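Full structure from sequences and hints, please.
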Amino acid sequence: MISFDRVTKRYEAGHDALREVSFDIEKDELVFLTGHSGAGKSTLLRLIMLMDRPTRGQVTIDGRNLSSVGKRAIPAHRRGIGVVFQNHRLLFDRTVFDNVALPLIIAGYDHREIGRRVRAALDKVGLLRHEHAMPLSLSGGEQQRVGIARAVVGRPNILLADEPTGNLDPELSAEIMRLFEAFNQVGVTVLIASHDLVLISRLHHRILTLKDGRLISGASGPGDAL
Amino acid sequence: MTGSADKATRRGGASLSRADLRDRYKAWLQHHRLCAADSLAKVLEAPVASLLTWLVIGIALALPVGLNVALENVQRLSEGWDSPAQMSVFLQQDVSVEQGDRMREEFSARADVDKVIFLSRDAALAEFSRLSGFADVVASLESNPLPDVLLVTPASALSEVGISTLREEMATREGVAEVVLDMAWLKRLQHLMTLGQRFVLAVGVMLILGVVLILGNTIRLAIESRREEIVVVKLVGGSSAFARRPFLYTGLWYGVGGGLAAGLLVSAALWYLDEPVRVLAGLYESSFSLLGLGLMGVLNLVILGGVLGLAGAWLAVARHLVRIEPR
Ligand SMILES: Nc1ncnc2c1ncn2[C@@H]1O[C@H](COP(=O)(O)OP(=O)(O)O)[C@@H](O)[C@H]1O
Ligand SMILES: [Mg+2]
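As given, the protein sequences belong to chains A and B, one line each in that order.
So the first sequence is numbered by the numbering used here: it starts at 1 and just counts up by one.
So the second sequence is numbered by the numbering used here: it starts at 1 and just counts up by one.
Hints were generated in silico from the structure; no laboratory data involved.
Possibly wrong hints are sitting among the right ones.
[Stated by the list, open to error] What follows is a set of in silico ranges between Cβ atoms, one per label pair, in the way DEER data are often shown:
id, chain 1, residue 1, chain 2, residue 2, range
1, B, H32, A, H204, 47 to 57 Å
2, A, Y11, B, M296, 56 to 66 Å
3, B, A268, A, R119, 46 to 56 Å
4, B, H32, A, G126, 54 to 64 Å
5, B, A37, A, I216, 26 to 36 Å
6, A, R119, B, L201, 52 to 62 Å
7, A, G126, B, L209, 54 to 64 Å
8, A, R10, B, H32, 35 to 45 Å
[Claimed, not checked] Think about it this way: if two alpha-carbon atoms lie no more than 20 Å apart in a straight line, the pair counts; the simulated DMTMM-like pairs of lysine to aspartate or glutamate are:
id, chain 1, residue 1, chain 2, residue 2
9, A, K27, A, E181
10, B, K26, A, D93
11, B, K187, B, E72
12, B, K115, B, D94
13, A, K211, A, D93
14, A, K124, A, E20
15, A, K71, B, E168
16, B, K115, B, E168
17, A, K211, A, D28
18, B, K26, A, D110
19, B, K42, A, E20
20, A, K124, A, E181
21, A, K124, A, D98
22, B, K115, B, E105
23, B, K42, A, D110
The structure presented is a predicted model; accordingly, all values stated were derived computationally and were not measured.
Glycine included, every Cβ here is placed at the ideal spot set by N, Cα and C.
This is how it looks when you write it as structure tokens:
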């Protein structure tokens with residue numbers, strides 16, 4: 001589902017954020033991506049999102065080589081992927097409902113369908129009663145769950161998360177991880193970047209470990225973790 | 001692992017293969033409506049700032065339009081004199097009244113003449129003394145210094161060449177002292193008006209450019225203040241067209257409001273001038289009154305404003321929106 005083949009990403013400064021990274025993630029897998037700060041985790045996710053292009057190597061998503069995806073095809077590519085960010089990236093001048101509805105409005109759904117799907121997504125993350133609230137009136141954990149609802153509302157095949165528990169206490173973090181596991185169980189491929197080793201090593205999923213842009217473990221399929 | 005049926009719907013949802021063209025069109029329309037309403041609400045949310053923007057645009061548009069309306073009025077006023085309404089044919093002093101009358105009949109028989117009025121020297125003097133207020137001076141004159149005059153109205157469709165031919169032929173007729181056809185000032189006025197029109201055009205082009213730039217800047221600020229929203233829209237798969245739509249509508253609303261303001265300003269100015277112009281025209285025994293913008297004029301201004309608003313927004317969007325990419 002997600003496949004990197006000797007991917008190198010060099011920034012203008014001459015610094016290699018990723019070096020010769022290769023791995024495959026199967027459909028229905030949930031995989032953690034870890035490593036020290038600056039190891040290249042966000043860079044790797046950005047390549048999948050086409051927020052950046054690799055300097056060398058191939059990224060293949062759902063059987064499609066991303067080098068063949070032109071600039072104009074990027075929005076459609078992104079609509080197939082749900083993303084959760086550490087800082088939520090919610091729009092604070094809109095209600096929870098409107099935040100979650102955004103991907104559906106973009107995808108061009110009819111408003112009744114939007115209402116149904118948004119409520120279903122909010123229900124899954126346990127925030128249905130907050131649909132009319134403004135994001136700022138919610139706690140950090142709740143805001144993150146709004147972000148997750150927005151990421152899954154378009155029913156993507158792939159769900160990416162960059163430090164989704166970065167600002168949360170351990171209990172809330174575990175709760176968020178359980179949510180991701182639930183989505184994985186209904187067939188979504190999930191890739192979560194996190195440096196919280198304590199948390200992710202408890203969860204028994206494959207772990208990809210980056211160090212200074214190199215993949216040092218977890219490359220070859222399930223069962224190889226650590 | 002879950003059933004394959006669930007995955008099938010999931011895939012369908014992601015690639016949107018089920019949403020057929022009709023639904024897409026409906027959703028597109030729906031988003032336009034949403035953007036239009038949202039942008040209008042945002043413009044109205046900051047009434048003072050928006051009012052100022054409208055006024056700036058309104059004044060910039062009202063200036064050339066107002067000048068143009070003024071020019072049009074002068075043009076309309078002078079149109080009545082476009083072809084000389086009259087020629088004054090002064091007869092020699094020794095021409096008798098009978099001879100003068102015969103000349104009147106002769107001239108009126110011409111195809112290029114509409115009508116001829118014979119104004120005898122006595123009648124001319126009487127009129128002069130009445131209208132000039134120099135009755136005493138006139139009464140003290142020993143003899144009447146005025147000649148008999150034939151007031152000739154050329155046929156209305158007569159060309160400029162026809163007029164000079166007519167003038168020539170009348171001037172060479174025995175008994176005619178002089179034919180006066182004072183067109184020079186009219187020519188000068190027409191030149192002035194051509195100049196005025198060019199001036200208005202130049203000012204108009206500059207001010208319209210200014211309006212586009214003002215709107216472009218306003219939209220640029222709007223884009224800056226909604227940077228995060230644009231980033232999020234692009235991150236969750238919004239196209240450039242989707243991201244720019246609200247800003248194009250914002251530009252449209254500012255432009256439409258500015259056009260309306262311009263229409264109101266020009267109409268108010270005309271209304272303010274109408275009364276004095278009427279009084280002035282009355283003094284010149286004319287029923288002239290100002291021709292206003294009319295509903296169509298205001299509508300045209302609103303449309304012009306809207307087009308300029310869109311143009312300014314395009315400018316800003318093309319320059320600034322593309323540069324905002326998720327980082
Ligand atoms: N836009 C950029 N330009 C230059 N260097 C960058 C850029 N983004 C990230 N980097 C560098 O690339 C390396 C990897 O960064 P990142 O992927 O954000 O790491 P992580 O998410 O694992 O903390 C870091 O050394 C960072 O400084
Ligand atoms: Mg990072």
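* When you check the alpha-carbon spacing of K115 (chain B) and E168 (chain B), does it fall within 20 Å? -> Status holds; Cα separation ~18 Å.
* To do: Please test the hint of 52 to 62 Å on the beta carbon pair from R119 (chain A) and L201 (chain B).
  => The hint (52 to 62 Å, Cβ to Cβ) holds, given that R119 (chain A) and L201 (chain B) are roughly 59 Å apart.
* Restraint status (C-alpha distance of K26 (chain B) to D93 (chain A) at most 20 Å) -> Distance of about 26 Å is beyond 20 Å: violated.
* **Given pair status - D93 (chain A), K211 (chain A), alpha carbons within 20 Å** => violated, 39 Å
* To do: Assess, step by step, whether the Cα of K124 (chain A) is no farther than 20 Å from the Cα of D98 (chain A), and give holds or violated.
  => holds, 17 Å
* Starting from K115 (chain B), check that the Cα of D94 (chain B) is at most 20 Å away, please. => Status violated; Cα separation ~24 Å.
* Asked: Could one say that the CB atoms of R10 (chain A) and H32 (chain B) fall in the range 35 to 45 Å?
  -> holds, 42 Å
* To do: For the pair supplied as a hint, K26 (chain B) and D110 (chain A), confirm whether the alpha-carbon distance does not exceed 20 Å.
  => Distance ~8 Å between K26 (chain B) and D110 (chain A) Cα, so the pair holds.
* To do: Could you grab the alpha-carbon distance between K187 (chain B) and E72 (chain B) and see if it respects the 20 Å cut-off?
  => Holds - the C-alpha atoms of E72 (chain B) and K187 (chain B) are around 17 Å apart, at most 20 Å.
* Are K42 (chain B) and E20 (chain A) close enough, with their CA atoms no more than 20 Å apart? -> Measuring from Cα to Cα gives roughly 49 Å; hence the hint is violated.
* Asked: Taking only the CA atoms, is the gap from K124 (chain A) to E181 (chain A) under or equal to 20 Å?
  -> holds, 12 Å
* Could you grab the alpha-carbon distance between K124 (chain A) and E20 (chain A) and see if it respects the 20 Å cut-off? => Violated: K124 (chain A) and E20 (chain A) sit about 38 Å apart, past 20 Å.
Hint compliance for this structure: hints 4, 5, 10, 12, 13, 14, 15, 17, 19, 23 are broken, all remaining hints hold.
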